[in-house]
Amino acid sequence: MLLKGFDTLEFGLDFENYNSSFESFILEFRKLKDFAQMMGIEQSVPLGDMLLTVHRNGQRFYAYKLSCKDFSIAFAESEMKSNSPIFVRFMSSYIWSYGHKKAYDHFMNWFKCFGVKPISNRLSRADICADTDQFQFIQNDVKGVVTRAKSKTEHFVNEEYTNGRKFSGFTVGRGNPMMARIYNKSLEIKKSGKTWFNDVWNENDWNSKNEVWRVEFQLRREVLKELTIDNIEQLFKKIDELWVYLTVDWLTIRQPSSDNVSRWKIKRKWKHIQKADLAYEPTPLIRESVKQGNLKQLLDQAAGLMMSVASISDHESITNTSDVIKSWFEVNLLKKNTTFEVEKDRRKTRFLHPDTTSADD
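Following my numbering from start to finish, the sequence shown increments by one per residue and tops out at 363.
No lab work stands behind these hints, which were simulated from the structure alone. Be aware that a few hints might be false.
[As the list claims (entries may be wrong)] Here are the simulated DSSO-like cross-link-like pairs (lysine-lysine), alpha carbons at most 27 Å apart as the crow flies:
1. Lys196 <-> Lys211
2. Lys6 <-> Lys277
3. Lys6 <-> Lys193
4. Lys104 <-> Lys83
5. Lys168 <-> Lys145
6. Lys338 <-> Lys33
7. Lys227 <-> Lys119
8. Lys240 <-> Lys271
9. Lys196 <-> Lys71
10. Lys114 <-> Lys104
11. Lys277 <-> Lys267
12. Lys168 <-> Lys196
13. Lys71 <-> Lys192
14. Lys6 <-> Lys119
15. Lys227 <-> Lys83
16. Lys6 <-> Lys83
17. Lys338 <-> Lys6
18. Lys240 <-> Lys273
19. Lys240 <-> Lys104
20. Lys227 <-> Lys239
21. Lys273 <-> Lys239
22. Lys211 <-> Lys6
23. Lys83 <-> Lys114
24. Lys192 <-> Lys211
25. Lys6 <-> Lys104
26. Lys269 <-> Lys145
[Stated by the list, open to error] Here are the simulated distance ranges between beta carbons:
27. Cys115 <-> Lys239: 35 to 45 Å
28. Arg150 <-> Glu343: 35 to 45 Å
29. Glu228 <-> Gln39: 18 to 28 Å
30. Lys168 <-> Gln257: 33 to 43 Å
31. Ser310 <-> Lys239: 49 to 59 Å
32. Lys277 <-> Val326: 55 to 65 Å
33. Glu318 <-> Arg167: 17 to 27 Å
34. Met82 <-> Val47: 20 to 30 Å
On a predicted model such as this, the values are computed, not experimentally measured, just so you know. Just so you know, even glycine gets a beta-carbon here, dropped at the ideal spot from N, CA and C.
All chains, please: the whole structure from these sequences, using the hints.
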């Protein structure tokens, strides 16, 4: 298996007249944010066919942050000189569910609910990676890391990772606008709970007896602009050219020898990485797997919370705890003047459903 794809996409959206176009939305977000801060509970707002969480806090440069299971979107109080007034971040699970192009198209279709069309977008960050089960990276590979920058050849590895005594990866260029991470992805998903990656790999001929290693590059706006990649469309168009630059010109892993560094032979495993292409085609199974992965995380959290309630209340059985939680749940539904069915359906809209939107709208 050799699977290439995007793992993170962040971009800004620009408008002809942001202040007047989004005035009513900003007023609503402000009310919900203030209420969330006062009550200590994050609020929700329906937008299009989705229900988004309005967070109690914004993020740098942006007063209001909203999110769902697929993406987060932040809004500035007003137009800014140096930054886009709206900032979007796609979740890893969303990109892998649909592929980068469809994920972007689905989002832009949903965005029509604001009744305003962006005049442009500004790419802020792109993480592109390749997963493989054909080779493992070992600690000795660190000695052969060669990165080329501004006609100078340097060797630098910021961090090496271990899990117990097991080598699990390393980082090149931490803190820079462009950096690389090479790490044991199989080990990482066990810690992060992103077990749906197993289905992504299975759909792409993974030998499940082998661990999967990832080579991942993180590029921020400063370096993207130097590479004449300013927006999402340019990124998608130049992805093959970009991968060549990253794995041939900027970073290689070679076999150290007594020769000059430039003559060190590139390791076979790195030649394998250089050949990765973006032929990834997700299936509906992957989308369902992502949702099931979220369900498992929720169940784990629920089990932990139940044990906390049982401990504080000194319950003698799971039944006692379940009865207390059920009663509390019913009381809260009455307070909100809602029903189980209504709340269940509302929460289904935390995911983007592209089949309910039309590209022709």
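Hints, one by one, checked against the model:
Restraint check: the Cα-Cα separation between Lys196 and Lys211 comes to about 18 Å, which is no more than 27 Å; the hinted pair holds. Proximity of Lys6 to Lys277 is assessed by CA-CA distance (about 10 Å); at most 27 Å being required, the pair is judged to hold. Note on Lys6 and Lys193: the hinted pairing holds, with a Cα-Cα distance of about 22 Å set against a maximum of 27 Å. Among the hinted pairs, Lys104 with Lys83 is inconsistent with the structure: their alpha-carbon atoms are about 31 Å apart, more than 27 Å.
For the suggested pair Lys168 and Lys145, the alpha carbons sit about 17 Å apart, so the restraint of at most 27 Å is met. At most 27 Å may separate the alpha-carbon atoms for a hinted pair to count; Lys338 and Lys33 meet this at roughly 18 Å. A threshold of 27 Å between alpha carbons decides the hint, and for Lys227 with Lys119 the separation of about 24 Å falls inside it, so the pair holds. Between the alpha carbons of Lys240 and Lys271 the distance comes to roughly 24 Å, so the proposed pair stays at or under 27 Å and holds.
Between the alpha carbons of Lys196 and Lys71 the distance comes to roughly 13 Å, so the proposed pair stays at or under 27 Å and holds. For the suggested pair Lys114 and Lys104, the alpha carbons sit about 16 Å apart, so the restraint of at most 27 Å is met. The straight-line distance between the Cα atoms of Lys277 and Lys267 is roughly 17 Å, inside the 27 Å bound, and the hint therefore holds. Between the alpha carbons of Lys168 and Lys196 the distance comes to roughly 21 Å, so the proposed pair stays at or under 27 Å and holds.
At roughly 20 Å between alpha-carbon atoms, Lys71 and Lys192 fall within 27 Å of each other, so this suggested pair holds. Of the supplied pair hints, the one linking Lys6 and Lys119 is violated, its CA atoms being roughly 31 Å apart against a limit of 27 Å. Restraint check for Lys227 and Lys83: the C-alpha separation of about 18 Å stays at or below 27 Å, so the hint holds. The straight-line distance between the Cα atoms of Lys6 and Lys83 is roughly 36 Å, outside the 27 Å bound, and the hint therefore fails.
This hinted pair does not check out: Lys338 and Lys6 have alpha carbons roughly 46 Å apart, beyond 27 Å. For the hint pairing Lys240 with Lys273, the CA-to-CA distance comes to about 20 Å; that is within 27 Å, so the pair holds. Between the alpha carbons of Lys240 and Lys104 the distance comes to roughly 17 Å, so the proposed pair stays at or under 27 Å and holds. Pair hint Lys227 plus Lys239 holds up; C-alpha atoms about 15 Å apart against a cutoff of 27 Å.
Under the criterion of a C-alpha separation no larger than 27 Å, the hint pairing Lys273 with Lys239 is consistent with the structure, at around 23 Å. With a C-alpha separation of about 20 Å, the suggested pairing of Lys211 with Lys6 holds against the 27 Å cut-off. With a C-alpha separation of about 24 Å, the suggested pairing of Lys83 with Lys114 holds against the 27 Å cut-off. At most 27 Å may separate the alpha-carbon atoms for a hinted pair to count; Lys192 and Lys211 meet this at roughly 15 Å.
Of the pairs offered as hints, the one joining Lys6 and Lys104 holds, with about 16 Å between alpha carbons and a cut-off of 27 Å not exceeded. Only pairs whose Cα atoms come within 27 Å are accepted, and Lys269 paired with Lys145 is accepted, the gap being roughly 12 Å. Distance hint check: the CB atoms of Cys115 and Lys239 are about 28 Å apart, inconsistent with the given range 35 to 45 Å. In this structure the hint that Arg150 and Glu343 lie 35 to 45 Å apart at CB is violated, the actual value being about 60 Å.
A hinted range of 18 to 28 Å is violated for the C-beta pair Glu228 and Gln39, which are about 40 Å apart. Here the CB-CB span from Lys168 to Gln257 is close to 23 Å, at odds with the stated 33 to 43 Å. Between Ser310 and Lys239 the Cβ separation comes to about 51 Å, which falls inside the hinted range of 49 to 59 Å. Taking 55 to 65 Å as the suggested C-beta distance range, the pair Lys277 and Val326 conforms, at roughly 58 Å.
Taken as a hint, the range 17 to 27 Å is violated for the pair Glu318 and Arg167, whose Cβ atoms sit roughly 43 Å apart. The given range of 20 to 30 Å is respected by Met82 and Val47, whose C-beta atoms sit roughly 23 Å from each other.
Checked against the numbered hints above, the structure violates hints 4, 14, 16, 17, 27, 28, 29, 30, 33; every other hint is satisfied.
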